[in-house]
Amino acid sequence: MLKYTLIPLLPLLSFIINILFGRNFIKDKAHWLAVPAVFGSFVLAVSAFMDVQSGNVININIYNWIVSGNFNVTIGFLIDQLTAIMLIVVTSISTLIFIYSIGYMHGDSGYYRFFSYLSLFVFSMLILVMSNNFLLLYFGWEAVGLCSYFLIGFWFHKKSAADAGKKAFIVNRFGDFGFGLGVILVFLTFGSLEYLQVFGKANSVIGQTINIFGYNLDLITVICLLLFCGAIGKSAQMPLHVWLPDAMEGPTPVSALIHAATMVTAGVFMVARCNPLFSLSHTAMNTVAVVGGITAIFAATIGLVQNDIKRVIAYSTVSQLGYMFLALGVGAYSAGIFHLYTHAYFKALLFLGSGSVIHALHDEQNMQKMGGLKKHMPITYWVFILATLSITGIPGFAGFFSKDEILYRAYLGGEVGKGLWMLATVAALLTAFYSWRLIFLTFHGKFRGPHEQEHHLHESPKVITVPLMLLAVGAVAAGWVGIPPLLMEHGDKIGEFLAPVLGHPHGEGSHSEEMMVMGMSVLVALAGWYIAYKMYVRNPELPQKVGAKFKPVYNLLYNKYYIDELYNRIFVQPTLKFSDKVILGFFDKSIIEGVVNGVPNLIGVFSSKFRKIQTGLLSNYGLVMAAGALAIIGYMLFLR
Amino acid sequence: MENVIFNQLNYPILTYTVFLPVLGALLLLFMSNATLIRWTTLAVTAATFVISLPLLTAFNKSTYKMQFVERHEWIPSWGINYFIGIDGISILFIFLTTLLSMLCVLVSWKAIETKAKEFHIAILTMEAGMLGVFVALDFFLFYIFWEAMLIPMFLLIGVWGGPQRVYAAIKFFLYTLVGSVLMLVGIVVLYFTGGNTLDILTLSAMQYPVKLQYWLFMAFLAAFAVKVPMFPVHTWLPDAHTEAPTAGSVILAGVLIKMGAYGFLRFSIPMFPDATKFFMQPMLILSVIAIIYGALVCLAQKDLKRLIAYSSVSHMGFVTLGIFALNSQGMEGGILQMLNHGIITGALFLMVGIIYERTHTRVIADYGGFATLVPWFAGLFIILTFASIGLPGTNGFIGEFLILFGAFKAQKLYGALAATGVILGAGYMLWLYQRVFWEKANPDWTSASHAVRDLNLREVITLLPLFILIFWIGCYPETFLSYMHSSVEHLLENINKPAAAGPEDLIAQRILEIF
Amino acid sequence: MVPLSWYIILSALTFSIGVFGFLARRNLIIVFLSIELMLNSVNISLIAFSHYLQSMRGQMLVFFIITVAAAEAAIGLAILIAFYKNNPTIKVDEINLLKG
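Protein chains in written order, with our numbering: chain P, 1 to 640; chain E, 641 to 1155; chain L, 1156 to 1255.
No wet-lab data here; the hints were simulated from the structure.
Be careful, since some hints might not be right.
To be verified - Footprint (simulated), chain E over chain P, 3 or more residues, beta carbon under 8 Å: (1) 150-160; (2) 177-184; (3) 552-559; (4) 577-586; (5) 591-605.
We treat Cβ as the ideally placed atom computed from N, Cα and C, and that holds for glycine.
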C-alpha cells in the first residue's frame, strides 16, 4: 500500500521542499530533488503496472476525507489497467521533460519555482488518474488546473502570460461547473462516489428520469453530459477550446507536458473511466462523438494558417483530442486511450522539438522568421520528422495505428459514425498538411530571420537532445502494442490489456472495409504531404497567392473564427459592464444605498423644518405657555 | 435540566474564557507604557486562547446537549439567570474568536500608534463580548453581550479607521441597532409567551403557534440578516470593513458577521421550525442573489479592501444557502464555511493590512508586479486566493462543496445557480491577483527610497496559524466536522418533527392578553 | 372682614402683572422679579383659601413655595451671573442660544 501511496507522494515532497527552500537555499539545484522524485514515481509506476498485468485490480482506501450525514468520501486509490497505462504515460513523459527542462530553463530566475510547480503538477495528475472516487478525481482535476495556471503565468511580468493563465483557469471553471454538479448528481443517484460502487449500480438507474425546469430528462444522460462538460473544458474541446492556444505563453516544457501529453487528456481519461455510465446513454455518446469530430476538423482548419510554431502544435493538440473523443463517443474506449498514449509521445516530442528551435532562436516563435534550420539543428530536424510521420499516420509509426483504429471504429459506428469518419479523414488530410508546412517553413528553404542571428544558430545541448531522442523512440514504437488484427494476429495487445476496464468495441466490419479505411487514411496523409511540399518547397510564393485569392477565408481562419472576440463581446465585456454600471453603480449605490441614506436624510429634512419652532427667545416660550394656560382654562370654563 | 451537561471540568472554564479579557482590559487601565500595553494584551489574548483549548479536547462529540454548562441565579424576580454553555455549533466559534483576537493584537503592533491603550482595551472588551454571545444561554445575557459588542467595534472603526471612518462607524452602528431592536421585541414576546422565562433552551423546546412563529422569525431575521449580512441589507459591510483598521476588519469579517448565521442556527431554526420551512424558499433565493450579486460587485471594485469586503457578501451567501438547505450536508458545510471564511477572509484582511502599512494605498491600480517585490507575501496571498475560490485541498473547497451538495439536494436550481458564483469567484480573485502581483511593477515601488519590504517574522507568525488551518481543514476536515455532527443531526430532527398538537390555543390567548 | 373675593382679585391682578412683566420686559432681572411676583400671587390666594377653609394645608404649601422660590432665585441668579460673564448682556431677546 505504501508503494502506491508513494507514487504521488514523491513529487509532492519535491514540491514542498523546493517551494519552501528553493528561493533561499536550493536555487538552481532544484532539479537534484525533482528529477529523482519523478523518476522514483516512474519506477514505482512500472512496478504497479506489473502488478495489474495479471488482471488484478488494486483498490485501497487511506482515510475518510469528508463525512457529513450520509455523505462519505475517502481518499483512496484505484489502480487498474487503465490507471496503469496512464501512470506509465504520465511518469515516463514527466521524467523526460524534467530532464529536458534542466537545459531549457537553465539560468531562469524562477528555476526553483519551475521545478516546484512541475512537481506539484505531477502529483496532481497522479492523484487524478489514481483516485478511486469522483471527488478525489475532482481534487486532481482542479489541482492540475492550478498548476496549469501557475505555469502558463510563469513569466507573469508579461501581461499576455498573466492573461493567458487567468483565462485558462476561468474557462476551465466553466467546464468544472458542470463537472461539479455531475459529481453531486452521481452521489445523489447512487449514494456513493466510489467508482466501483457507482459502476456496479449503473444498470439499476436505466430509464430513471430527472425533472429539470419541468422537462423529464433521462438521468444517466444528464449525469454523463454534466461530467462531459468538465472534459470539454479540461480537454479544450469546442466551445471551450479557447484557452489552450493562449496557454502557449508558458514555457515550452510546460506546453509539452501539461498542454499536450497529460493534463489535457484528463478529459479523455475521465470519460473512459466512466464508460459504464456513458455506455448507457446514446445521447451522451453521440454528443461526445460529435463534439470530438467537429473539434477535430475545426481546430485543424485553424492550424493551417497560423504562424506561431507553438500555436500550430497547440491547434493540432486540440484536433487530436477531438479524435480521442470521437473514439470514445463511438464506444471504442480503448482506441481513445490508445491514441492518448501514442499522442502523448509524438506531441510531447513536437513541442520539445519546437522548444529546441525556439531556444536556438532566442525565443523567436514566428515560423515566417525561421527556415533552413535543417543544417544547423540536425537532431532536432530528424526527431521532428519522426514525430510528423507519426502524427500524420504513416504506416509503421505510432500515430498510424491509433488513428487508424479510431477511423475504423468511427466508420463502423452507424450513420453518425460514418459522417464523423468522413470529417475525421478530411481532418487527417489537414493534419498532414499543416504538420509538413511546419517542417518546411522551419527547417527547409532559407533562413528568414535577422542576419546576425544566423551565425549563432547551433544544435541544442545534450540535456535537451537526449530526451528528444528517447521520446522519438516512443513516437515511433509506442504504437506497436496496438497493431490491428488485420495486419498481425494478436497484435492489439493494448486493447486486450484494457478490455477488463473498457470492454471491447462493438461491431465488426469486413476485411475489405478495414483495408479501405486504412488505405484512405494513408492516402490523405500522403496527399497532405504532397500539397505542403508543392506549396512550401516547390513554389514558396504560392501560399501568398492562395491566401490573397481566398482572403476572407484566410482571415477567418487566421483569426481563429473570431471566437475569442466573440466571447469577449458577448460574455466578458457585458459581464464587466453590467457589474460596474448596473449592479454596483445603479443597484448598489443608487437603490440600496439610496434607501439606506435616504431614510436618515428624510428625517433630517423634517427635523430641520420642525426645529425652527425653537426660537430660543424666552418671551416666545412664555407667550406660548400663557396662551396654552389660557386655552386650558377656557376649555375648562366654557367647553365642559 | 435533562438537556444539558454541567461542567465536566472542575473549574468554570467558560467563565474564565469570557471574563479573562475583561480582567485584562481593567488591568490596562492602570498602564501607560505602550509597549507594556501591547505585551500585556498579547499575553491576555494568548492566555484566553490557551485556556479555551481544553474545551476542544474535553468536548463530548457524541451528544447534542449543551456542555460545560454553568448556571447561577442572577435576577430571580424576572427569571433571569447567568446561564452559559456550548454545543457543537458554538464551540468552533470560541476557538476562532480567541485565535483571531490574538492575531489582531499581533498585526496591530506597529499599525496603531495613537491611543494605543484605548485601542487594546477596545480589542479585549470586543473579545469578551463576542465570546459571551457564543456561550450565552439566557436571552437577557445574550442581548447584553450582543449589544455590548457593538460599542468597542463602533470605537475601533470611528477612532482608528480610515478617512471615512465616522460615516462608516455610525452607519454600522445604526444598521445593526435597527435590526437588534426588532429582535428585542421578539425576545420580549417570547418572554411572555413562554411563561416568564428567558432560558434559551426552555424556549427552544416549546412549540409556538404557526402565525406567531412567522412574526418572531421575521423579528429575529431583521437582526441576523443585517449581521450576516444578507442581500439587500449588506451595504454597511463594505463601508465598515473598508474603513476599519486592520484588526477591526479581521474581527468584523472573522467573527462578527458569523453571529447572524449563528443566530439562525441557535434561535430561528430550533425555535421556529414551521416558520423556517415556510421561509426556506425566500431565504434560499436571497442567498443565491447574495452569492451572485456579491461576486458581480467584486468584479467592478477598484479598491482592494472593498473588493474583499464584498467577497464576504458572496461567501456569506454560501453560508446561509447551506444553512437553509436544511439538510446535514448543507448545514455542516455552512457552519464549516463560517469557520473557513473567518480564516480565509481574516487572513486576507491581515495581508491587505500588512501591505497597506507599506504602500498606504488601497487602490488596486496603484499596485502591480508585487510578486517580484515581495515574493513570500505573494506566495502566501495566492494560497488565500485559491482557498477563497474553493480549490480542493484547501478549506474553502470542503465548505463550498458541502454547501453546494446540500443546496443541490434541496433545490437543484439553486444549487446550480450558486455554483455559478464559483466561476465568478475565480474571475474576481484571479483578476485581483493579476493586477496586484503580476505584470509590470509600478515604478513607484521599485525605486530604492520606497522599496517595499517583504514579510517580517512577526507578520509570518501572525499568518502562519491561519495557513496551517487552511490546509488542515482542506485535507482532514473531520477534525472540525466531527464536533458538529450530533448537534446538526439533532437540529434537523427538530425541524422535521411533525408539528405536534400542542396547547396552541392557550398560547394564542396569552398573546392576545399581552397586546 | 375683607371678603375672600378681594384676595382672589388681588392675587389675580398681581399674577397678571407678573405674566405681563414676564412676557413684555426685556431685562432679565425684571423677568426674574415677574416670576417671583407670580409665585407670590399664588401664595396670597393659598393663604386666603387656607383661612377661608380653616385648613393648614394651604399655609404648608406656601412655605414650600417660599423655600423653592428662594432656591430658584439663588440658582437663577447664579446662572445669570455665569452667563453674563460669557455674554455681557442681560437683554432677553439677545439671548437665544437654544435656537433650533
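Hints and how they fare:
Residues of the region 150-160 of chain P with a Cβ under 8 Å from some Cβ of chain E number 5, which satisfies the need for three, so the listed coverage holds. Counting residues of the region 177-184 of chain P whose CB lies closer than 8 Å to any CB of chain E gives 4, so the stated coverage by that chain holds, three being the minimum. Restraint check on the region 552-559 of chain P versus chain E: 0 residues with Cβ-Cβ distances below 8 Å, three needed, restraint violated. Proximity of the region 577-586 of chain P to chain E, defined as three or more residues with a beta carbon under 8 Å from a beta carbon of that chain, is established by the 6 residues found.
Here the region 591-605 of chain P counts 4 residues with a CB under 8 Å from a CB of chain E, which clears the bar of 3, and the coverage holds.
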